[in-house]
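Chain order of the listed sequences is A and B. Under our numbering, the first residue of the first sequence is numbered 1, with each subsequent residue one higher. Under our numbering, the first residue of the second sequence is numbered 1, with each subsequent residue one higher.
FYI, nobody ran anything at the bench for these hints, they're computed from the structure. Be aware that one or more of the hints could be misleading.
Taking lysine-lysine and the BS3-like style, the derived pairs with C-alpha atoms no more than 27 Å apart in a straight line are [said to hold, decoys possible]:
1) B:Lys17 / A:Lys108
2) B:Lys109 / A:Lys78
3) A:Lys62 / A:Lys15
4) A:Lys11 / B:Lys109
5) A:Lys62 / B:Lys51
6) B:Lys17 / B:Lys104
7) A:Lys108 / B:Lys70
8) A:Lys62 / B:Lys104
9) B:Lys51 / A:Lys78
Partner residues are not named here, just some residues of chain B that face chain A (Cβ under 7 Å, in silico) [claimed, not checked]:
10) Ile53
11) Phe64
12) Lys104
We put the CB at the ideal spot given by N, CA and C, even for glycine.
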Amino acid sequence: NAGVIQTPRHKVTGKGQEATLWCEPISGHSAVFWYRQTIVQGLEFLTYFRNQAPIDDSGMPKERFSAQMPNQSHSTLKIQSTQPQDSAVYLCASSSDTGQLYFGEGSKLTVL
Amino acid sequence: GDSVTQTEGQVTVSESKSLIINCTYSATSIAYPNLFWYVRYPGEGLQLLLKVITAGQKGSSRGFEATYNKETTSFHLQKASVQESDSAVYYCALSDNSGGSNYKLTFGKGTLLTVTP
Numbered sequence: 001n002a003g004v005i006q007t008p009r010h011k012v013t014g015k016g017q018e019a020t021l022w023c024e025p026i027s028g029h030s031a032v033f034w035y036r037q038t039i040v041q042g043l044e045f046l047t048y049f050r051n052q053a054p055i056d057d058s059g060m061p062k063e064r065f066s067a068q069m070p071n072q073s074h075s076t077l078k079i080q081s082t083q084p085q086d087s088a089v090y091l092c093a094s095s096s097d098t099g100q101l102y103f104g105e106g107s108k109l110t111v112l
Numbered sequence: 001g002d003s004v005t006q007t008e009g010q011v012t013v014s015e016s017k018s019l020i021i022n023c024t025y026s027a028t029s030i031a032y033p034n035l036f037w038y039v040r041y042p043g044e045g046l047q048l049l050l051k052v053i054t055a056g057q058k059g060s061s062r063g064f065e066a067t068y069n070k071e072t073t074s075f076h077l078q079k080a081s082v083q084e085s086d087s088a089v090y091y092c093a094l095s096d097n098s099g100g101s102n103y104k105l106t107f108g109k110g111t112l113l114t115v116t117p
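In isolation and in its complexed conformation, chain B is listed as follows:
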């Protein structure tokens, strides 16, 4: 089946430093799945941060970026300068976009980001 791997369970970064959270995927059902980053801020529900549905394209939101790399099957999340308010749990996910079934998300285990002052 499909799978998503986030190698870091926890990341601590100082404010204003750069960030990268690694995500690789394996999609057995289709060649080019849709890719997502979701975020869960403390006390809030899981929410979409960004998505990319075309291989080779980059998505961005709130200063975060991720590029859909089909060669390395990766979708790493990056930010040039983090803020304390970015502290949250980040989830990489994919979905099968065949037959209109663009709903069944397969998630990574999540990465807890802590930004220190």
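So that you can see chain A by itself, here it is in the shape it has in the complex:
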């Protein structure tokens, strides 16, 4: 069991550029979650998919952020026109029907 795989582990972008983060959930897990972690806000829920369908995106910023799950083996989080305040560690997690979340190691995004 490889666990949840997130790539890249570190990404540095210039202000205004686009950043795409990838998540490969544990095989067989039906749900995928995205969280964001910053020093100030801590861990914040962003969005959630179940069986590839978007269920709840209430934590996603209304502009520039989007998430997709085109197939059961990966999900992406895209940030357009990145700003310095987007700098954070983005965590992906997956779960089966038991509800326990398994987290990846995270993708650290730095916007200069």
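Take the given structure of chain A and dock chain B to it, following the hints.
Coordinates of chain B only, in the frame set by chain A:
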């Protein structure tokens, strides 16, 4: 909204000594949320340490314990004798278990535990 408070950002404890990490919660959406402790060891992803879904019950794992106290809205993490391998960041969290939405975790800011030899 819901919130979780961990009062200690960093804790240093000598090996074999006891540990307590404080956690209090406020759940505005439901009366009795599910409560969790997650841990992040160096170089690893965040993982579940223990959970309790019933008020008054105690959860335990790897020598750690936490009791769901609805009167004081607390879920403190305790261990009688820590080891160097327990050095990690510990997060208290809650989730709303109404309507099957047992997924949207609200986390505390985390407590960095350093165990010294």
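Status of the Phe64 of chain B interface restraint (C-beta, 7 Å, chain A): violated, 17 Å
Is the hinted pair Lys17 of chain B and Lys104 of chain B satisfied, with a Cα-Cα distance of at most 27 Å? violated, 34 Å
Holds or violated: Lys62 of chain A to Lys15 of chain A, with C-alpha atoms at most 27 Å apart: This hinted pair holds, its Cα atoms lying about 18 Å apart.
When you check the alpha-carbon spacing of Lys51 of chain B and Lys78 of chain A, does it fall within 27 Å? With Cα atoms ~32 Å apart, Lys51 of chain B and Lys78 of chain A exceed 27 Å; violated.
If you take the shortest Cβ to Cβ gap from Lys104 of chain B to chain A, is it below 7 Å? holds, 5 Å
Hey, Lys62 of chain A versus Lys104 of chain B, does the alpha-carbon distance stay inside 27 Å? holds, 18 Å
What's the verdict on Lys17 of chain B and Lys108 of chain A, does the C-alpha distance respect the 27 Å limit or exceed it? violated, 34 Å
Given hint Ile53 of chain B near chain A, where the shortest CB pair must fall under 7 Å: violated, 10 Å
Need the status of pair Lys109 of chain B, Lys78 of chain A: alpha-carbon distance at most 27 Å? This hinted pair holds, its Cα atoms lying about 25 Å apart.
Hey, Lys62 of chain A versus Lys51 of chain B, does the alpha-carbon distance stay inside 27 Å? violated, 32 Å
Lys108 of chain A and Lys70 of chain B: Cα distance at most 27 Å? violated, 36 Å
Lys11 of chain A paired with Lys109 of chain B [C-alpha distance capped at 27 Å]: Holds: Lys11 of chain A and Lys109 of chain B sit about 23 Å apart, inside 27 Å.
Checked against the numbered hints above, the structure breaks hints 1, 5, 6, 7, 9, 10, 11 and satisfies the rest.
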